[in-house]
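*Asks:* Listed here are the chains, written in short residue letters.
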Amino acid sequence: MATHSRSVQINRPDANCFPDLVSNQITATNEIGNFLAYVLADGGADEGVYVQWRVPQNYVGTPRIRVTGILDGAPGAAETLGFGIKGLSRADNEAADTAFSAEDVASATIGSGGTNHSNEDAYEEEIALSNLSGLAAGEMVYAYVFLDASATSYAGNFLLTDIAFVYADA
Amino acid sequence: MALTQTADTFVVNHGTAGGWNPTAMTVIQWVRFTNLPASSGWGNSCRMWSKGDFLNDPEFFTCSARIDSVGDIRMERSHYNGGSYTWLDVRTDSTPIAAGTTSLIAYVMADTGTQRGKIYTGTLTTLAAEATYSTQTDPSGTADDVSGDDLYSMGGIEGANGLDGAVTLTAMYAEALTLPQIQAIQMQPSLLFARSAASKKLIAFHGWNGATNVPDWSGNGYTGTITSGAVAAGAPIVNPFARTVTDDEAWATSAAGLSVPIAAMHYRKLIGAM
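As they're listed, the protein sequences go chains A and B.
According to the working numbering, the first sequence is numbered sequentially starting from 24.
According to the working numbering, the second sequence is numbered sequentially starting from 59.
No wet-lab data here; the hints were simulated from the structure.
Beta carbons: idealized from backbone N, C-alpha and C, even for Gly.
Just so you know, not all the hints are guaranteed correct.
[Claimed, not checked] Covered by chain B, according to a simulated footprint, are these stretches of chain A (three or more residues, beta-carbon under 8 Å):
(1) 28–36
(2) 39–51
[Said to hold, decoys possible] Quick partial rundown of chain B residues pointing at chain A, CB under 10 Å, derived from the structure:
(3) Tyr-143
(4) Tyr-191
(5) Ser-192
(6) Leu-250
(7) Ala-252
(8) Lys-258
(9) Asn-267
(10) Gly-279
(11) Asn-297
(12) Pro-298
[Claimed, not checked] The following label-pair restraints were derived from C-beta to C-beta distances:
(13) B:Thr-181 - A:Glu-147: 39 to 47 Å
(14) B:Ala-291 - A:Thr-26: 39 to 47 Å
(15) A:Ala-51 - B:Pro-238: 18 to 26 Å
(16) B:Gly-73 - A:Ser-141: 51 to 59 Å
(17) B:Ala-291 - A:Phe-123: 25 to 33 Å
(18) A:Glu-147 - B:Gly-268: 56 to 64 Å
(19) A:Ala-51 - B:Gly-73: 48 to 56 Å
(20) A:Tyr-165 - B:Thr-74: 43 to 51 Å
With the hints as constraints, model all of the structure from the sequences given.
*Replies:* Below, the structure is given as structure tokens:
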């Protein structure tokens with residue numbers, strides 16, 4: 024068994040998240056400032072992006088989502104950063120207009136009291152998919168990945184650069 | 059994806075846009091007219107965008123643009139000069155907008171210098187180029203203060219001369235972009251977002267949030283309120299947000315919801331499309 028990771032397609036942001044130059048958000052002195060990222064702010068409500076991916080043919084199980092980005096702001100010692108996902112997996116001839124699953128969420132203490140991240144650090148967090156279930160090889164997954172306001176006390180912005188589907192094969 | 063009008067009162071209003079009073083600006087739109095305005099004359103023209111009074115005085119726009127019955131474009135910005143008004147007034151004479159053709163229009167103006175107003179047009183397959191003009195008048199005096207006026211990203215209010223067609227995108231910047239910069243955005247929509255925070259005033263993809271409202275993805279959050287508008291098919295430009303696809307199984311949707319060929323996806327990878 025091996026673990027694989029595939030970046031998923033970000034289809035569009037919701038109405039509150041927006042793409043921006045990294046240099047507009049952090050004081051970048053190197054080339055990272057020339058990249059575009061999605062700006063997720065904990066404004067008291069969830070905000071995020073709509074994503075889609077086809078489940079690879081060698082998929083067997085242990086599905087997870089890995090959220091990757093850059094911290095914009097120094098986290099306090101006990102501040103937390105949480106993300107969530109909800110969605111559905113569809114095979115050919117299944118009803119697409121179906122309610123999304125309940126949320127799968129994860130969070131971490133990212134300051135010195137936890138993972139000890141600093142301002143402008145790269146950051147990754149994984150969410151195990153349990154409510155978003157029934158994935159099968161070849162199916163399309165439609166989902167909403169968001170910064171989970173209820174699990175986030177971090178006051179800075181999160182600059183989202185990638186979302187990956189992580190899974191195990193046989 | 060786009061918006062079209064359902065009644066003569068059609069507008070998309072983004073509020074005062076933080077009290078923006080343009081001294082230099084660029085507006086980029088993707089538009090497609092089913093029919094150009096029915097009646098001739100600038101008084102019957104279709105309003106395309108405005109920072110200023112859009113509803114109450116159709117003949118007097120402080121900062122706005124419109125399209126007439128033959129497909130010419132006019133952009134204006136009023137100035138006040140010691141008791142009288144003068145205008146930055148730019149009018150094309152080459153009828154660059156045709157019914158049935160998806161067109162990019164870039165309106166550029168600056169408050170200083172000469173030839174302060176320029177208009178560029180292109181299509182899905184033709185790079186934007188500068189129009190020719192019947193009028194290209196520079197104003198004197200100080201630009202009217204429109205900071206308290208509302209910003210409209212689209213709308214036509216002249217009855218049969220309103221917007222018989224659709225607008226896919228209205229992007230507004232507080233800087234005068236150059237033609238190469240406009241061409242780059244035309245061919246790689248993700249570059250819409252790659253300007254400074256001070257420059258980006260509005261990035262509104264019409265119809266992407268249905269007829270509920272028009273989100274502003276500039277980062278400013280100037281959500282547009284829709285009056286008498288409906289979702290319509292729009293310019294089939296590549297989804298500007300799509301990114302990080304999964305190699306051989308990649309697929310994407312265009313703004314019109316159509317499949318994008320794999321070859322196009324590879325092209326987007328090559329040019330670093332977001």
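*Asks:* Of the hints given before, which are not true for this structure?
*Replies:* The structure conflicts with hints 3, 4, 5, 16, 18, 19, 20, although it agrees with all the remaining ones.
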